[in-house]
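Colleague: Assemble chains B, C, D, E and F with the ligands onto chain A, guided by the hints.
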Amino acid sequence: MRKIEAIIRPTKLHEVIEALEAAGCESLTVTEVKGRGRQKGIVQQWRGREYCVDLLPKTKIEIILSEERTEEVIDVIVKTAATDNIGDGKIFVYPVEGVVRIRTGERDGDAL
Amino acid sequence: MRKIEAIIRPTKLHEVIEALEAAGCESLTVTEVKGRGRQKGIVQQWRGREYCVDLLPKTKIEIILSEERTEEVIDVIVKTAATDNIGDGKIFVYPVEGVVRIRTGERDGDAL
Amino acid sequence: MRKIEAIIRPTKLHEVIEALEAAGCESLTVTEVKGRGRQKGIVQQWRGREYCVDLLPKTKIEIILSEERTEEVIDVIVKTAATDNIGDGKIFVYPVEGVVRIRTGERDGDAL
Amino acid sequence: MTNKKKINEQIKSATLFLLVLSIVLMAFTAPASATTVDENAESIDNLATALTYVWLLLAGALVFLMHAGFSLVEIGLTRTKNTANILMKNFMTICLGVLVYWALGWGIMYGADAAGLIGIDQFFLKGADNAMWNSWFFQMVFAATGATIVSGAMAERTNFKAYLVYCAVMVGLIYPVYGHWVWSGADLSLLAGGDSFIVKAIGQGFHDFAGSGVVHSIGGYSALAGVIILGARIGKFKDGKPIAIPGHNLTFAFLGTLLLALGWIGFNSGSTLDGTDPFMNLVIVNTFIAAAASSVTVMLITWSKTGKPDPSLTANGFLAGLVAITASCGSVENWAAFVIGIIAGIVVYVGVMFNENVLKVDDPVGAISVHGYAGSWGLLSVGVFAVGAGNGILADAAYTAGGAGLIYGEVSQFLIQVVGMLLSIVWAFGISFIVFKIIDVVIGLRVSEEDEIMGLDMAEHGTRAYPEFIINK
Amino acid sequence: MTNKKKINEQIKSATLFLLVLSIVLMAFTAPASATTVDENAESIDNLATALTYVWLLLAGALVFLMHAGFSLVEIGLTRTKNTANILMKNFMTICLGVLVYWALGWGIMYGADAAGLIGIDQFFLKGADNAMWNSWFFQMVFAATGATIVSGAMAERTNFKAYLVYCAVMVGLIYPVYGHWVWSGADLSLLAGGDSFIVKAIGQGFHDFAGSGVVHSIGGYSALAGVIILGARIGKFKDGKPIAIPGHNLTFAFLGTLLLALGWIGFNSGSTLDGTDPFMNLVIVNTFIAAAASSVTVMLITWSKTGKPDPSLTANGFLAGLVAITASCGSVENWAAFVIGIIAGIVVYVGVMFNENVLKVDDPVGAISVHGYAGSWGLLSVGVFAVGAGNGILADAAYTAGGAGLIYGEVSQFLIQVVGMLLSIVWAFGISFIVFKIIDVVIGLRVSEEDEIMGLDMAEHGTRAYPEFIINK
Amino acid sequence: MTNKKKINEQIKSATLFLLVLSIVLMAFTAPASATTVDENAESIDNLATALTYVWLLLAGALVFLMHAGFSLVEIGLTRTKNTANILMKNFMTICLGVLVYWALGWGIMYGADAAGLIGIDQFFLKGADNAMWNSWFFQMVFAATGATIVSGAMAERTNFKAYLVYCAVMVGLIYPVYGHWVWSGADLSLLAGGDSFIVKAIGQGFHDFAGSGVVHSIGGYSALAGVIILGARIGKFKDGKPIAIPGHNLTFAFLGTLLLALGWIGFNSGSTLDGTDPFMNLVIVNTFIAAAASSVTVMLITWSKTGKPDPSLTANGFLAGLVAITASCGSVENWAAFVIGIIAGIVVYVGVMFNENVLKVDDPVGAISVHGYAGSWGLLSVGVFAVGAGNGILADAAYTAGGAGLIYGEVSQFLIQVVGMLLSIVWAFGISFIVFKIIDVVIGLRVSEEDEIMGLDMAEHGTRAYPEFIINK
Ligand SMILES: Nc1ncnc2c1ncn2[C@@H]1O[C@H](COP(=O)(O)OP(=O)(O)O)[C@@H](O)[C@H]1O
Ligand SMILES: Nc1ncnc2c1ncn2[C@@H]1O[C@H](COP(=O)(O)OP(=O)(O)O)[C@@H](O)[C@H]1O
Ligand SMILES: Nc1ncnc2c1ncn2[C@@H]1O[C@H](COP(=O)(O)OP(=O)(O)O)[C@@H](O)[C@H]1O
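Chains as they are written, first to last, in the working numbering: chain A, 1 to 112; chain B, 1 to 112; chain C, 1 to 112; chain D, 1 to 473; chain E, 1 to 473; chain F, 1 to 473.
Simulated from the structure, these hints should not be mistaken for laboratory data. A virtual CB, placed ideally from N, CA and C, is assigned to each residue, including glycine.
The calculated label-pair distances, taken between Cβ atoms and stated as ranges, are:
#1 B:His14 x A:Asp108: 26 to 34 Å
#2 F:Leu406 x E:Ala201: 52 to 60 Å
#3 B:His14 x C:Asn85: 24 to 32 Å
#4 C:Gly24 x F:Arg446: 37 to 45 Å
#5 D:Phe123 x E:Asn391: 17 to 25 Å
#6 C:Pro95 x A:Asn85: 27 to 35 Å
#7 E:Phe197 x F:Thr306: 51 to 59 Å
#8 C:Thr11 x F:Tyr408: 54 to 62 Å
#9 C:Thr83 x B:Asp75: 30 to 38 Å
#10 F:Tyr408 x E:Leu117: 37 to 45 Å
#11 E:Ala131 x F:Phe197: 40 to 48 Å
Examples of chain D residues toward chain B, derived with CB under 8 Å:
#12 Ile453
#13 Gly462
#14 Thr463
#15 Ile470
#16 Asn472
Same shape as in the complex, but just chain A (with noise of 0.2 Å):
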């Protein structure tokens, strides 16, 4: 099994969504993060004074998923993920060792 890490934009999120379930991928995580990659921070004014704001707010996507379906996931989210600007996000993926589902403790395969 494989955990795929996506960092998108915001903005983004609901078509990935929507994507990823058409592709039959319909369970995943999301949490709001900041990060700075290539893109730099926004400037932002506060009381007529600007600073930079270099965190900038993304969103993360996890899908944990099997090996095979790997590859195929990572193509929908790149397609629509991507805005051909900077800041479009990364993709990270990483070994899963084992999966229970607490509902009923099934194990691995089965608990995908």
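Modeller: This is chains B, C, D, E and F with the ligands only, laid out in the frame that chain A set:
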């Protein structure tokens, strides 16, 4: 070392924490997340119009612990977090390569 | 590739980010979390009655980086985030299997 | 004709001429001015009436704003998941307050008296004139207050429909009946009428200037009945020990308290019911001295108990001072207001702790203590500190407690205050207990455990108050 | 000298002495009192004027607070990312309102009449005296309201600069022109002047007591023009179906509604424009009965439609009741206010659904429905329920609808109300459509898609309203 | 008896009869009406007094609400972690304000004069009558304002206990002493009394209508002393360069500003201290014109400087306009108010930048600039633009600046304004500097670094203002 990541109902958080404490597992990190799995979204209304919020609030608990303790802790969580209703959540297990205690710089086993 | 996950004091965030930047490590993701470890909860009061909040606010920094840079970055974090008091936090290291840059679809090394 | 006669004639005619002239001159000046003087007097009367109209409308406007104050205090001291529900409850309290007090409540409170117990006409403001509309508005904004107090104590677990029904009963019956006993002005009215057997027996009428009893005690002890039947919120007591359940927004709680304090200016000084009554000034000075003293007292108590001054209880302290002085503000000297305030602060703190530790009832906003216990103290305080009609600074006052208080060596005012206070408890607690029991059986007073955990906003209204903010449950 | 002569002299001198004495005495008493009587009469007049000054200043103060109410309602029903922008828009509405109504608006509304269409002097309050300053303040706080209504409907996507320009045009021209037709008091004034051809033709003057038309319809239909040109917010319609975009803070929405209700006390009862007019009391009673009835009606409708009573629409319902009764509150009986309120509740609910489902316009706060549709109903309600000048409870009223309503069998008042209502729609919608079009071409009415998604706070002001809170987009 | 004698007798008796009759008739008409006329005159006087009572109570109510406004502005412009502490500070400012101004402040300000410097009786309102209670309430709500201003500037780092002590000194001593010099009405009172050596020397009394100096300058320059001793918040300056520390809630900041503006209606027009003074209308018109002009000015400045109109500074601009016109609102023409407002806007913007860039002092809410600098400008503005007593639009005014301003070619009023302004700075800054130093030594003015980073809510009150919201530190 392993990382246990449990996505549970927010209302179960305190029960789970207490049970973990009783089981000698005091250290953990908690994040508010939203997610969807088997559980359908909830219908809300706004100005007389219904709409479906398909991401439900969930709570993520992360525990880094030694391999041996993993099963025991999973059991504790499954037992206290289950309500037998859809939406109880899942537990994921990941490999961990190292730990450092920031205060002291201690590593791995000592740092846990 | 590795993922460094540092749980630090919220008040140390900006110092750590600056130090990381100085060390050439610009990309990262930040999440507000709550946690407990060695540090006891803080006593609060409400309407003249004391109660203990045992989850303290912490900040999680996630950095995905190449294996070689891992140690160096851990050192930077340990140095800037430590106050020598209980509650300074921990750093966890995880294996990463792949990275994709959403904007371009680039993979792995190129994507970092 | 003799010379003498002629001269006599001349004298007579001269006299007559002068007489007529005199009268004509009089008619030209005095009677003309007499008319104008009367017209002026009438204009002055009209103007005095107009001033009272303006005064009561504006005082009523301030009291109206208290509903915003109650909402904010209640919201501030409870959790986000019940916010929309609390807003709706308090908002509907106003709406039902207007309609029910129009249809029923006013008539029961101020309609023609029946046996000193209840009013029986003027429903739907039948036969109203300008003066009655004026009074109605001011009384109406008071009336809904009682229900709002109850709403606060029962927050976070009460069924919305059940509350609406109770609210209508409160405004239409519970509040106006006791109000009739005290404020109707009927000769027989149970607690204050000159022909009431109680008043005759004790020899002094009950004095509750702006409603420590009529409004606050009634609300507070009704709330007590409610929370007893309702039970505590899930998680409030653990092994019998009270657990803190922090509210979600202290800014709202304090803003609400300040709006309530503002409203109290209308509440107390407006209760002179007369724009030309100069004693509204004493009333207001006493009001603020008591409130400030009470608030500082609570702050010092919490500071000494936990080492840190507690914000929400300190705010409650201000309100308790206001509630207590509400009965006595037109009857006591400034220093007495100060003492009344200090005692109110002690009462509210001890009351909150007593409710949680001893009675084990769960009142998230402290309403029972602030309105019930401090209200009772307010009623008694008249019997202790009143200067007495016609005495000292109140020599010219049109309306004040008739008898002097205990500290001046008189007892009868104190006695009637005790009776009135006990009656407010018995009536409010008793009738509300019955009404809540009936509602519980017919509708169900409490939401399901599931709904309570989910929060009433989602359960009752399918919505959330702050949908974009990430809430930490 | 003969005896007779001497006696005659004596009689004459005695008579003269008495005459003089009489007059002197008169002079000493009556004339003295005559002066004082006149002085008293003058003092009474001055005092009545002073009461009106105090009344209108305080009523104006309450109306001023409505701007806080509008801001909070608008903020509460929209998203966090546009909050600072909405605050700035509403705040600048006040600032521009003051300055533009001083420089231009007042003169156009109340300056010397030209052809019944427009006022043409008193710009910059030239030649003002105490009475005019008094009126100006009260009228000024009204004037800015129209623009605020438009601001609400166009929230979350309008260019800030474009809005400022529109706001100035609204306060300086659109509002005062229609206001001149109705409230200027000029003989020729289009809708209410005795010499206006319309009034002559129908035989009755248009009655809009406190501005269901002048303030609310004008605002509402201008808003309609605005949102049509502007288009819906991104994401509001999906495949032509309206999507819910929840607002971010129901507490603010309700607090705002309560502040608006408070302001309405000044708005409606202050519109007697006379501190000694006793009918301000009837006005206020009607105001609250209608509002409460409307709010309960909307709550029941939403409850029956979705199974759950909807908070924000219920709050809208209260406002719709207030808007509707604004025209008729000084002309109808209490029961009629109740009926007017119920219908207002239906109107606002149907209006909101109609706008979204049929017209497909996007009005985040329901301003078009609350102020436009309910305002139109308010104007008509005068023609339906008015008691008529000199009748029944309004026998002594100084200012009320001249003719009786349809239910009393009279038609002319209804006819002129229809005309006035239609004119308010035609004028407001028409002129605003043109103005918005021009602004759109010159400045650009809508922000870029990118800015809209980012939120106007960052795009227009480089700031966020709640920078420390984690927002869930 | 001769015939002649008899006739003489007859004439005499007829004359006597007529004389008596005359007098009796007089007594029956004129004297009767004379009594009533006098009674009427007395009733009119009483009514005028009653109107003043009502007016000052309601104006005082509006001013009271300013405390909510101050709290909200201060909270809105600071961080969540200090919110409960700010709420408590401002709330205690009211409570201590009431008690200390009752015990001490009023006596020092309005008690019998000693050497023009200080009042020395009427402590605890000894000997108060209705008029004095009325005045006390209105003055009391003003008094606590000064301390609140200081609280704002010193937010987020001041020890709670130290603030309470300072607050008591402010209300009991610092404010009333300067107030005595200006408003006590004593012949010798330093800045305004006819027998004061300063006034005699310059030939004109100092005019500060509603307190640009007495309230705002005193607060502002005391705040300056405070922040200098206290130092900047951790993180405010980095290498000497000011860093933005955004506040947490712009909605609260704007709501607070609107509540302050509302309160100013009571503040300025109530300062006529007479419900029958028709010039309260001019006062209010000037007040709003200046505020609007100032706000628009600041918006345009920030717009041109950073390309984006800044919300919180624009709100500050409105307040600066209000502060500046507070001294001159009863002395100038409308156009002058407009100019005064524009200059106030420039003053407050430059002041904020000057404080941060040059003085390097940290004033999170801009209090020093808004109340101190704009207050000084307000005092001077009287000397520049005053029409002068008895001139033009102010011909009949009972109370206005005695001399005309510089633009009318007179100098003496300007001179005394300069003196009064300088004295307000010297007194407020000097005495507060000393008091803060003493407090710093005895109690410690600033919290520990650790507590400041943790936030004063946890450190001082063991609580958080928004415990359920996830905060992004
Ligand atoms: N190496 C990394 N480690 C952790 N988070 C990262 C890393 N690189 C990018 N991110 C996250 O992804 C977000 C988008 O990255 P960015 O570099 O701005 O996108 P892009 O590469 O498309 O320009 C960042 O805000 C950050 O949250
Ligand atoms: N495959 C997955 N990847 C990521 N998160 C998941 C996955 N499956 C479940 N979750 C998380 O767990 C939560 C509960 O899952 P759900 O399927 O509703 O529980 P259950 O399986 O007990 O019915 C979801 O809301 C989501 O946050
Ligand atoms: N084993 C663990 N698993 C998950 N999170 C942990 C673990 N240990 C520590 N943490 C996180 O690190 C934070 C700081 O840990 P703590 O033990 O208080 O620091 P220290 O070891 O420096 O005293 C905790 O609040 C928690 O969020």
